[in-house]
Amino acid sequence: MKKPQDHKKKTVPEKQYDFIKMLTQSREEKDMDDIAELFWKVITAYGLKVDELAALNYYMMKRSLEAPVNATFIKERMNLDVTQLGVDGILQVQRALVNVYVEQLAKEQ
7 MKKPQDHKKK TVPEKQYDFI KMLTQSREEK DMDDIAELFW KVITAYGLKV DELAALNYYM
67 MKRSLEAPVN ATFIKERMNL DVTQLGVDGI LQVQRALVNV YVEQLAKEQ
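Counting from 7, one number per residue, gives the positions in the sequence shown under the working numbering.
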């Protein structure tokens with residue numbers, strides 16, 4: 007007679023560990039399509055509306071630009087203090103960064 011299998015659900019810390027492990031692997035591979043799909047799954051799992059997603063995207067860009075290494079880089083390269091930017095300024099910097107990325111991607115193709 008077989009013993010019953012333990013179908014214990016993972017705890018939240020275990021799930022978080024698995025998620026971080028998956029993120030680490032994605033970072034090493036740096037496959038933008040995989041990263042985008044992962045974020046899309048999180049966004050849909052939380053049921054974010056378009057305005058909430060827009061606010062989240064803005065927050066993530068602001069936080070990234072204000073990280074010391076990025077803020078210093080932009081200050082040195084563009085003489086721009088990102089800590090003084092409002093919504094429009096953050097979005098303009100994001101637009102410029104996306105344009106540079108798309109141009110580099112096109113050159114690689």
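Everything labelled a hint here was simulated from the structure, so no lab data went into it.
Idealized CB from N, CA, C, for every residue including glycine.
Please note: incorrect hints may appear among the correct ones.
What the hints assert, rightly or not - Derived CB-CB ranges, DEER-like:
no., residue 1, residue 2, range
1, 95, 59, 38 to 48 Å
2, 27, 82, 31 to 41 Å
3, 38, 16, 35 to 45 Å
4, 53, 74, 14 to 24 Å
5, 101, 20, 31 to 41 Å
6, 76, 108, 26 to 36 Å
7, 51, 83, 14 to 24 Å
8, 52, 93, 15 to 25 Å
9, 53, 82, 19 to 29 Å
10, 16, 101, 34 to 44 Å
11, 18, 81, 33 to 43 Å
12, 50, 78, 31 to 41 Å
Said to hold, decoys possible - Taking lysine to any residue pairs in the SDA-like style, the calculated list, with each CA pair at most 20 Å apart, reads:
no., residue 1, residue 2
13, 55, 65
14, 81, 49
15, 36, 70
16, 27, 46
17, 15, 45
18, 113, 103
19, 16, 51
20, 21, 70
21, 36, 89
22, 36, 91
23, 21, 55
24, 68, 51
25, 36, 112
26, 36, 53
27, 21, 48
28, 55, 45
Now for the hints, and whether the structure bears them out:
1. Remark: the range hint 38 to 48 Å for residue 95 to residue 59 is contradicted by a beta-carbon distance near 20 Å.
2. Hint check: residue 27 to residue 82, Cβ distance near 35 Å, so the stated range 31 to 41 Å holds.
3. Residue 38 and residue 16 have their C-beta atoms about 28 Å apart, which leaves the hinted 35 to 45 Å range violated.
4. Separation of residue 53 from residue 74 is about 34 Å and departs from the stated range, judged on CB atoms against 14 to 24 Å.
5. Here the CB-CB span from residue 101 to residue 20 is close to 40 Å, well matched to the stated 31 to 41 Å.
6. At about 19 Å, the beta-carbon gap between residue 76 and residue 108 misses the expected band of 26 to 36 Å.
7. A C-beta distance of roughly 37 Å is found between residue 51 and residue 83, which places it outside the suggested range of 14 to 24 Å.
8. At about 22 Å, the CB distance of residue 52 to residue 93 agrees with the hint of 15 to 25 Å.
9. The hint said 19 to 29 Å for the Cβ distance between residue 53 and residue 82, and at roughly 41 Å that hint is violated.
10. The hinted range of 34 to 44 Å is satisfied by residue 16 and residue 101, whose Cβ atoms lie roughly 40 Å apart.
11. For the hinted restraint 33 to 43 Å between residue 18 and residue 81, the CB-CB distance of approximately 39 Å keeps it satisfied.
12. The hinted range of 31 to 41 Å is satisfied by residue 50 and residue 78, whose Cβ atoms lie roughly 35 Å apart.
13. Distance hint between residue 55 and residue 65 is fulfilled; the C-alpha atoms sit about 15 Å from each other, no more than 20 Å.
14. The suggested pairing of residue 81 with residue 49 is violated, with an alpha-carbon distance near 32 Å, which exceeds 20 Å.
15. Proposed proximity of residue 36 and residue 70 is supported: the alpha carbons are some 17 Å apart, at most 20 Å.
16. Taking the CA atoms of residue 27 and residue 46, the gap is near 18 Å; set against the 20 Å cutoff, the hint holds.
17. Taken as a hint, the residue 15 and residue 45 pair is broken in the structure, with Cα atoms around 24 Å apart against an allowance of 20 Å.
18. Restraint check: the Cα-Cα separation between residue 113 and residue 103 comes to about 16 Å, which is no more than 20 Å; the hinted pair holds.
19. At roughly 18 Å between alpha-carbon atoms, residue 16 and residue 51 fall within 20 Å of each other, so this suggested pair holds.
20. Of the pairs offered as hints, the one joining residue 21 and residue 70 is violated, with about 25 Å between alpha carbons and a cut-off of 20 Å exceeded.
21. Note on residue 36 and residue 89: the hinted pairing is violated, with a Cα-Cα distance of about 28 Å set against a maximum of 20 Å.
22. Proposed proximity of residue 36 and residue 91 is contradicted: the alpha carbons are some 29 Å apart, above 20 Å.
23. Of the supplied pair hints, the one linking residue 21 and residue 55 is violated, its CA atoms being roughly 25 Å apart against a limit of 20 Å.
24. Restraint check: the Cα-Cα separation between residue 68 and residue 51 comes to about 23 Å, which exceeds 20 Å; the hinted pair is violated.
25. Simply put, residue 36 and residue 112 have alpha-carbon atoms about 18 Å apart, close enough for the 20 Å limit, and the pair holds.
26. Simply put, residue 36 and residue 53 have alpha-carbon atoms about 26 Å apart, too far for the 20 Å limit, and the pair is violated.
27. This hinted pair checks out: residue 21 and residue 48 have alpha carbons roughly 13 Å apart, not beyond 20 Å.
28. Proposed proximity of residue 55 and residue 45 is supported: the alpha carbons are some 14 Å apart, at most 20 Å.
Of the numbered hints given earlier, the model fails hints 1, 3, 4, 6, 7, 9, 14, 17, 20, 21, 22, 23, 24 and 26; all others are met.
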